[in-house]
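Chemist: Protein chains in written order, with UniProt numbering: chain A, 1 to 286; chain B, 1 to 577.
Please keep in mind that the hints were generated in silico from the structure rather than gathered at the bench. Since this is a predicted model, take the numbers as computed values, not measurements.
Coverage of chain A stretches by chain B, computed from C-beta distances (three or more under 8 angstroms per stretch; other residues unrestricted): (1) 123 to 130; (2) 238 to 249; (3) 252 to 264.
Glycine included, each C-beta is placed from N, C-alpha and C at the ideal position.
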Amino acid sequence: MPIAPSAAILDAWHVFSAAAEIGPGPYRSTLLLDTRLDYRRGTNGEVEVRRRDTGAALLVIERYGFAWTSLGSPPDDLFSIPEFYEPDRKNMSCGSLGVNVSAPRAVENFLDMGHFPYVHTGILGEEPHTEVKEYDVEISYERDEILATRCRFYQPRAALSADEGQDVEYIYRVPHPYCSVLYKSCPADESRLDVIGIFCQPMTEETIRAHLLQSMIDDENTITAMRRFQQTIFGQDKPILENQYPKRLPLDPRAETPIRADKSAIAYRRWLSQKGVNYGVIPQAA
Amino acid sequence: MTQTMTDIRHPAWHPIASSEDLPFRHVYHGQLLGQEFAVWRADDGNVNVWENRCLHRGVRLSIGLNEGAELKCQYHGWRYANRSAGCTYIPAHPADAPARRITNRTFPAVESLGLVWSAMGDVTPFAPPLPEGNWMPLRPLPVNARPGAVLAALTAAREAESDVESLPPLGARLVLTGVDGRAAVFFVQPVDSGRAVIRGVVEAESWDDQLSLLRLFNERLSTLRRQVEAEMALEEAPEPLVPVYEPVSLELATMPDLRFGRQAKLRVRVARKWQAGADVTGLELAALEGHLPTFQPGAHLDLFLPNGLIRQYSITNGPGELLSYTVGVKREPDSRGGSVAIADELREGDVVAISEPRNNFPLRRDATRTILIAGGIGITPLLAMAKTLASSRLPFELHVFARSPEHVAFPEALDKLGESVVPHIGLDPAGTAAEIEQLVSGYGFARHLYVCGPGPMLDLVRRRTAEAGWPEEAVHFEYFKNVNEIDLSSTFTVELARSALTLAIPSGKSILEVMRENGVDAPSSCEQGACGTCLTTVLEGIPDHQDVYLNDTERRSNSCMMTCVSRAKSDRLVLDI
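Excised from the complex, chain A in its bound form:
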């Protein structure tokens, strides 16, 4: 028997498809929070979504190349990614990938740098350069998001022109319980940052579709090549995520063993607890 999501999840916007993949014609179907949805693009060009159980029409917005809906009373708008609208960026969906894991586990993995040398060997990291250097994390109550800054990690091939490894800078944002956005040094333009987002669609507590966004400054590579790169990275994460137990993220600080490198994950778990998130997590015993 699926649990009823608390307001923090019920009233949030949730991604359910790349916008470009929704065409007119027959309804397509997907699952959100254990609820079956049917959707299509109407004749007026607007996306229509309805619940199969009640037939109720749901609100829809299109942001960052994806379509979002809500089973409750959502806020006026989604969190903002202003960089997406810069005219010279290449924006792309890198696919919607099913993973047998909870959304918070996938977000936590996205925030994690320590696994780069082991899971993304030769791309985002390489032994023996395994150190996660000190970084800063804050929970901004005003913006209601987590911000991790001054994150640096040694990457073997940070740029095509690099013949030696170098520290790459990251900034991470968690503006939504199931979404995260990272900003990363841009090889093509030192003054700007590439943007990569993970938006998790919680199908059930323990199964998701991860929708990936890239917003890049890159005149050299094709969209297809950039998509493939991101899919390779995520394809390396998927088997790890599917071997994590328990699949729901435990919010009790004694469930797992944190280290300093996990500061952002510790803040994330605390933030989920404070928001009263109960879906895709094992809440802390009262």
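With chain A's structure known, arrange chain B on it following the hints.
Modeler: Coordinates of chain B only, in the frame set by chain A:
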């Protein structure tokens, strides 16, 4: 003959694998009563049965790497030692020893009858269910059915009017129909409430007919499985058992500093005492039962000698060697009584007390090249480091400075490290200086240097590396002892911020002593400012450093001190204790 739920969950030994499932460098995924196991054989033959979950982020250890002496998690490269399941290395923080005692949940393991047996909960010691003999395990057969129903089906499928010998909790010796009258013993492994594995053994008379025997039983048991599963399909499937994830200890979740006094927590037996070099006595200190606690390369222990003295010795073991610790003791002519007591009074078979291992000289494993420089008995911590680097195939060189070939300690261990060991024999001070200058001449990105030896040699290496452009944090050193004259004359006040205590330190007494007199326990080991165990954070005030553990940057920062010898230049110190 049906078994109820409470019956199968009653703590008992069950087979969980065949011995053949555990070749070297493999990790086998096992399960008992809903609990998943990572089962692996170390290179020394020991079988480990662990909860199938890395304590860090819950990733299955059965997808990890069996490196022979340690199991390495696939997600963040955490390493867990053979036998103890203690975490020995966290790559995200390569400069830190995992000081907190992170230990995976382990289950007992015994090999008998070609099967691996384990248990959950409190069980009596393992007693073989059958006399040892030429038992051959059959191919294990998984069945999606209640374990009790599987045993009942096996019993019902025996030859008419034949006997059954029951072997609790879920075993039986019987003769199945259709196997040419061959008696077999079947143990039903309760994988979960609705899943089981039939693990049979037969007495193999001749190994020639092994294959036909295996085929015969496999066919018969497969038929049985189809029948049982068809019957089970008519019943409602039982609820799966819910595995228990034990919470990690509070100390791990909240990350406080651990506090130990000088405590002799362990008893060990002197299993071997030998001449390990011209003036070095080797001691192998063996566990009285089971294994010793996890250590990391560079770690030392306190040895409590019969004459009341306490001395520090570095552990020379390689990774995952936890049945005994091997240390080297130099016989000092001007000994304060420790080395003489060991050389003359300690005998093989004696039981002595030691502290748990403590590591203030941690080895980073994120270097592109590691240079180890040993002077005399300084070889001991570096030997453990070299063995660790060699087993992980990380590039290193171990430079051994000694007065003569006979003075090189632990030659057998060094031989096994092959060409990575470079001896420098019989050099005078000028020759040593020239050699060291050459060794440290090429600093490169992500290189690290470790040196242990006599004080003048360490001073020399530290000077020369600084001149050659080595950053201070890439040069790691461990002094044997503090030869500085300790000045205990000053008086000052110490505030302990977390304990909310203010203490007046009189001349003649150390901060550590006064804290202990006031009931504040703090870790310590050498108590002469060499080992680093009593390192304490300074929140306010200017320490008067008298130790040999801190490097110059750390001293100048006024942010940390050794409470066993260092004092205050300011009237007041505020410490984070």
